[in-house]
Amino acid sequence: MGRLKVLALAGVAGLVLAATGCGGGGDGGGDTLVFGSAADPTALDGALISDGESIRALYQITEGLTRLEPGGSKVIPSLAVDWTTSDDGLAWTFNLREDVTFHDGEPFNADAVCFNFERWFNFPAALQGDGTTYYWQYGFGGGFKNPAEGSPGPDASLYKSCEAVDEHTVTLNLTKPSATVLATLSLPSLAIVSPKALEEFDADAGSQNADGIFQPTGTYATEHPTGTGPYKFESWTLGEQLVLVRNDDYWGDKAQTQKIIFRPIADNAARLQALQTGEIQGYDLVEPQDVQTIQGDGNLQLLERPPFNVGYVGINQAKPPMDNLLVRQAVAHALNRQEVVDSFYAGRGVVATQFMPQEIQGYADDVTTYDYDPNKSKQLLQQAGLTLPVEIEFWYPTDVSRDYMPDPKRNFEAFAADLNAAGFKVVPKSAPWRPDYVSKVNDGTAGQLFLIGWIADFADADNFIGTFFQTPSDQFGFTNQEIHDLLDKAEQEADPDARIQLYQEANRKIMDFLPGVPYVYAKAALAFDSNVQGFVPSPVGVGGESFSTVSIGDEGSDESETTETG
Amino acid sequence: MLQFVVRRLLLLVPILLGLSILLFLWIRALPGGPAASLLGERATPEAVAQVERQYGLDRPIWEQYLRYLRRLAHGDLGNSIASRRPITEEIQRRFPATIELAMFAMLFAVSVGVPLGFFAAKRYGSAMDHGSLVASLIGISIPVFFLAILLKYVFSVKLGLLPTIGRQDVLIDAEHPTGFYVLDGIITLNPEAAWDAVLHLILPAIALGSIPLAIIARITRASVLDVQNEDYVRTARAKGVSSAIVDRRHVFRNALLPVVTIIGLQTGLLLSGAILTETVFAIPGMGTWLAGAIENRDYPVLQGGILFVALVFVLVNLVVDVSYAYLDPRIRVS
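In the order they appear, the protein sequences are chains A and B.
Residue numbering for the first sequence follows my numbering, beginning at 1 and increasing consecutively.
Residue numbering for the second sequence follows my numbering, beginning at 1 and increasing consecutively.
It is worth saying that the hints were derived from the structure and are not from the lab.
Take these hints with a grain of salt, some might be off.
Partial chain A-side listing against chain B, Cβ under 10 Å, derived [unchecked claim]:
(1) Thr42
(2) Ala270
(3) Ile280
(4) Val438
Glycine included, C-beta positions come from ideal geometry on N, C-alpha and C.
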């Protein structure tokens, strides 16, 4: 057996020698950025997806008529340079940018715009599922010309038709006035892509199989996504890498980095370690527990996204005594929101004053606020003629972690203790997030109070308070015509400044009426190598973050001494 | 022998059929369905009902099962709800990754475990023997994912010797005709790619192989101790046969029988242990796929994927049983 031992030793020695040579880490140089995503995109066809990773990739490749300013939520021109509305608000005319071509060389023009809209409007039954064409249906209010059972038809649709007035002018005709169209046109799902590529690569081909799942048979979404953006699609190996390269014919500022590679890494700890070894130069969705590690590492940097969500304690006014304003005010004064935000959000929470974060236009600085004052709560309850303690059910979800609520149980325990000390008697109730906590809340069958929140789809006040309060809902259990009407009016107001005023007024009225107690806006964070510059986090997240301004500084500062770039 | 193999293969049909029924029922016994994952905060009872109607989940169970069976008979496992891709395509892509990892893990476990067990038995009662027992106890007790994270922290983050994630460096240009990356590197005459694939397998293989290693070492040791005291070994030694030849021809070969069985069983088990290792090392294999499917209640993936894993397990055990007969002439497979 002596020979075996010698062989074994030689093998180990060889291994160690080779390992210290090439390949221990250090992907990427000045020309390539490797970014750790959480999963593979579902598909690279904006109209047929709603998941974050698909949106992240598509935002680099495709563009829409409008976009959001980097780092903010204001709508600015993109493929459309300016626009006008008709007097009745039903027609929006866009002047298109000239000299723009798709990645396959085809010209971008009004016909291409109408082709895309008509494609979505004319989707066959197989593509009309909620999960398939989410943003067309709920984001844009699009319906379908030939609706299948359960799908919205042309009467429910916001979109009516599209006219190519001339090569660089297009008019969108709507069925009712809506000012949210500008924000929704910035969604990657409504990006304008090459009609030729859509047809040549059978973007709509496929069928719904016996499970009801759309089975694509074309290759547009997997091999040939074709937009106008600063990056072009190069290759996609599922589970390993999605490779984009700079579009040298881009109409705007060319991208700084030649190549972007998205690497799917599902496990959060694995993403962090890959960043530490240099195998990736950045990743998204940093967990609260890793914030300190990253901030303490001189080779890494943490970038925060302005908040795009709201966590709130919902109140169901259909369940007494919550229909009494004094009781709702008592709840608001009872909750020590500052304490919860400071304790459970790893420094990334901001105390909320209304149902939408500051970065969204329409935020009002002067809404009524409710100080933490348990004695005041007791007084209000007595004023309402109730005997203390007032018994109420308070629901929270288990087995879940959301941006606005990383640990629901801890939020619940703190708030329940606050309420118990302020004249209430909390009956705790919980249900697993999956399968039906959210359904229960939306259905009104959770108790008087419930912990929930909202992560918005697009950067418009309508997507926050419009969604919650524009119509009576089972979740909040009330009808307040003043608020409903105000939100209707704000949704349709075409003049941007007037619109902001209307939403501000709505926020004031809502916080006086107090249908719930918002308590936090949570910032998400991304982590990068410290030598990566130019990434601008957007409140809307992946739907507004371009890699074209990103550059990698001098290499070498993030790699450990024993490796070299292979 | 042929009869034996054929009979075992025929048994596969009722086994898989029975398993598919159980799977079908168990998966649906899990609370919730794919709707909750797809909808998030937008889950109203109407939206959930729409999703269920869309995926045929509101039909009676027996009707769902028959539809599933009819498609299965045509070799169609359906599509994943999450990725919309055909399940057969996903398996084709992911299975080689898991197999490659499992093979390397077994290679590590066997090449270290068998000699370890052998030498521990030869030096029975010595410090090495006791040491190996303690080491194997530690190996079995340490959770695989913990060991994986520890290995990554020491060898990748701190020492920078080995990569932490994936199967290959994204900057290397490599073709993958078979899906087994090490093999592919060799076939396409790309030594850099082959070696890079090996480097990516080292830490995961050690983490995953740690449990089989411990078990194989213990079984080998026990088996060698057993065989050492057999009459034929003592006869051989009494006849003056050299120690090395006695060890090799008589002790080692005969002690191997139980070890081979264990290797077969452990390989099957590695397919499930791979979930944690694959997740920690971001290897796109069956493990990460199935783990994600459980969380998202991706029914078609769970049905197709688990059935496939069961098929592999049964086949692996068949191979083990057949090889048993070859190793031991006394065994007749009747």
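So, going through the hints one by one against the coordinates:
1. Thr42: 6 Å, holds
2. Ala270: Holds, because the Cβ-Cβ distance from alanine 270 (chain A) to chain B comes to roughly 5 Å (cut-off 10 Å).
3. Ile280: Cβ of isoleucine 280 (chain A) sits 8 Å from chain B, so the hint holds.
4. Val438: 4 Å, holds
In the structure shown, no violation is registered for any of the earlier numbered hints.
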